[in-house]
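Protein chains: 2
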Amino acid sequence: MDKTRVAVVGLGNVGTGALDAIEAAPDLDLAGVVVREHALCRARQLLPPHVSVVSRMDELGKVDVAVLAVPSRSVEKVAVPLLQQGICTVDSFDIHGSELWRLRQELDQAARQGGASAVIAAGWDPGTDSLIRAILALQAPRGITYTNFGPGMSMGHTVVAKEKEGVKNALSLTLPIGYGQHRRQVYVELEPGYALETIANAIKQDPYFSHDETHVFAVKDVAKLTDTGHGVVMERHGTAGKTANQFFRYESRVTNPALTGQVMVSSARAAKRQPPGAYTILEIPIVSFLPGTLQSIIEQYV
Amino acid sequence: MDKTRVAVVGLGNVGTGALDAIEAAPDLDLAGVVVREHALCRARQLLPPHVSVVSRMDELGKVDVAVLAVPSRSVEKVAVPLLQQGICTVDSFDIHGSELWRLRQELDQAARQGGASAVIAAGWDPGTDSLIRAILALQAPRGITYTNFGPGMSMGHTVVAKEKEGVKNALSLTLPIGYGQHRRQVYVELEPGYALETIANAIKQDPYFSHDETHVFAVKDVAKLTDTGHGVVMERHGTAGKTANQFFRYESRVTNPALTGQVMVSSARAAKRQPPGAYTILEIPIVSFLPGTLQSIIEQYV
Chain A
1 MDKTRVAVVG
11 LGNVGTGALD
21 AIEAAPDLDL
31 AGVVVREHAL
41 CRARQLLPPH
51 VSVVSRMDEL
61 GKVDVAVLAV
71 PSRSVEKVAV
81 PLLQQGICTV
91 DSFDIHGSEL
101 WRLRQELDQA
111 ARQGGASAVI
121 AAGWDPGTDS
131 LIRAILALQA
141 PRGITYTNFG
151 PGMSMGHTVV
161 AKEKEGVKNA
171 LSLTLPIGYG
181 QHRRQVYVEL
191 EPGYALETIA
201 NAIKQDPYFS
211 HDETHVFAVK
221 DVAKLTDTGH
231 GVVMERHGTA
241 GKTANQFFRY
251 ESRVTNPALT
261 GQVMVSSARA
271 AKRQPPGAYT
281 ILEIPIVSFL
291 PGTLQSIIEQ
301 YV
Chain B
1 MDKTRVAVVG
11 LGNVGTGALD
21 AIEAAPDLDL
31 AGVVVREHAL
41 CRARQLLPPH
51 VSVVSRMDEL
61 GKVDVAVLAV
71 PSRSVEKVAV
81 PLLQQGICTV
91 DSFDIHGSEL
101 WRLRQELDQA
111 ARQGGASAVI
121 AAGWDPGTDS
131 LIRAILALQA
141 PRGITYTNFG
151 PGMSMGHTVV
161 AKEKEGVKNA
171 LSLTLPIGYG
181 QHRRQVYVEL
191 EPGYALETIA
201 NAIKQDPYFS
211 HDETHVFAVK
221 DVAKLTDTGH
231 GVVMERHGTA
241 GKTANQFFRY
251 ESRVTNPALT
261 GQVMVSSARA
271 AKRQPPGAYT
281 ILEIPIVSFL
291 PGTLQSIIEQ
301 YV
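Heads up: the sequence lines are chains A and B, in that order. Count the first sequence with this note's numbering and you get residues 1 to 302, in order. Count the second sequence with this note's numbering and you get residues 1 to 302, in order.
For the record, the hints were derived by calculation from the structure and aren't laboratory data. Note that the coordinates shown come from a computational prediction; the quantities given were computed from them, not determined experimentally. Be aware that one or more of the hints could be misleading.
Heads up, the list lumps identical chains together, so a pair's fine if it works in one copy or across two of them.
As the list claims (entries may be wrong) - In silico BS3-like cross-links for lysine-lysine, where the CA-CA straight-line distance does not exceed 25 Å:
1) LYS242 <-> LYS224
2) LYS220 <-> LYS162
3) LYS204 <-> LYS242
4) LYS204 <-> LYS164
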């Protein structure tokens, strides 16, 4: 059987995690890595010589699926031209709600034009946690699910904190305080001449932080505090039929970029198996994410 | 929008759970209950007058989906004629492995003939637990998942124990002893003149029990010990990409027949939405099991 050829776009933490997952998969081949022109040299130094590192996808020959390890805000502009050329895409767009639906509709149109498919929001949350939330709800339709993140580093919030004027480096931790509520602790290295109070206010007023209790601390060396461990606890008490007190709990303790990369790569397999169109992970049968024949998957997991 | 009309076949614990779940669903209507001729009278006494209780499916008018609350060994012979007539079916066939694959192939043929669809093995294990097992594996492809059942009453093992000669009533409990291993404790009420030792041997030699450590106890009143609470703990340590020590844990504490009935009814909704054929729960997108529009489901759960 021909292996599916997968390219990785971007070589940050998540891109590196995706590379590892492709190399470990029995049914996938790494087509290569696509980075921006200015990052070519560094990327080639980081990767072993057998990995093709290019700045344009068309330098890689046949590519079935592109794993887009790029910021959420860049997903649409990177994905649309690839889909229109018939290359499937996977992203880990991480903004919940109506923006996600809008992205799905945009990519769906491009995917149908190009005869390719897109799997969107395919990380762990949104992503595999979304599957779990839906499975809890189908088992006990009435009730509340609490999603408690962390303790762990939030990639998105860290980026926002780093961008504030006067911040040299930053780390934003998400700390669960129970029943779906979170506290954020932001550790910042200040540029000379900046006051903690000014920067703390700028961070707390940002829409990324303004809904949560946020504490900002000045430290000398953010790097010493940084760890990519993360996790979630989801709990639901609900009613099945007319019977109350059905309890479900899902917990993960994971390495954030490794898990995100792995879920994206499992989703690359699923992308190849779907008809043209864009899909959230909830719209794809679970068998599509696993290697092997239908019979072997059913006998192993059912 | 027309509601989906769902019938329930069988009125044991699971059938009653399914009835409750249909009545609680916003998008489903109860078409009625089908029981064997000799059980009609008792079923009519148990149910409120607005519920149609019949002995033949064709007495219920239009039926979209039949929820088969019947023993695993009866699923095939009940499902095939319904599927051939174009009525979708849902069962909770609970034998893992190659027998399940064989049932899927048999029902697939009947379903395609009749233009209907069948969702098979749609309880909690096999069923929603199967989904969880597959989701853990797609997140960390290398590793071991341990499924620990109970403590709780095993319906299948209880039936087998009750059928032994000299047993008036029985209860088989599944007790987890760690890392996927289980002990079974069977409580029996003896008929006069039978010895515990003889019955204990007959139970321990049955293929249902012979693979597990089994203890058999004689008691005066099995009914006083009986509780339908059950649950599972599934744990996986695995590797995502090349990163070890990814940990996942799923736990449920549930009322066995209520949850089984609810999962079957959520699956009735999914059956109606699939093209003709037979499906395990792993082959169907999760969105199909939930009420509401695609956009509302995505915005709520992703």
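Results of checking the hints against the structure:
{"no.": "1", "hint": "LYS242 <-> LYS224", "verdict": "between (52 Å within a copy, 23 Å between copies)"}
{"no.": "2", "hint": "LYS220 <-> LYS162", "verdict": "within (15 Å within a copy, 71 Å between copies)"}
{"no.": "3", "hint": "LYS204 <-> LYS242", "verdict": "neither (44 Å within a copy, 37 Å between copies)"}
{"no.": "4", "hint": "LYS204 <-> LYS164", "verdict": "within (11 Å within a copy, 69 Å between copies)"}
Violated hint for the displayed structure: number 3, the only one.
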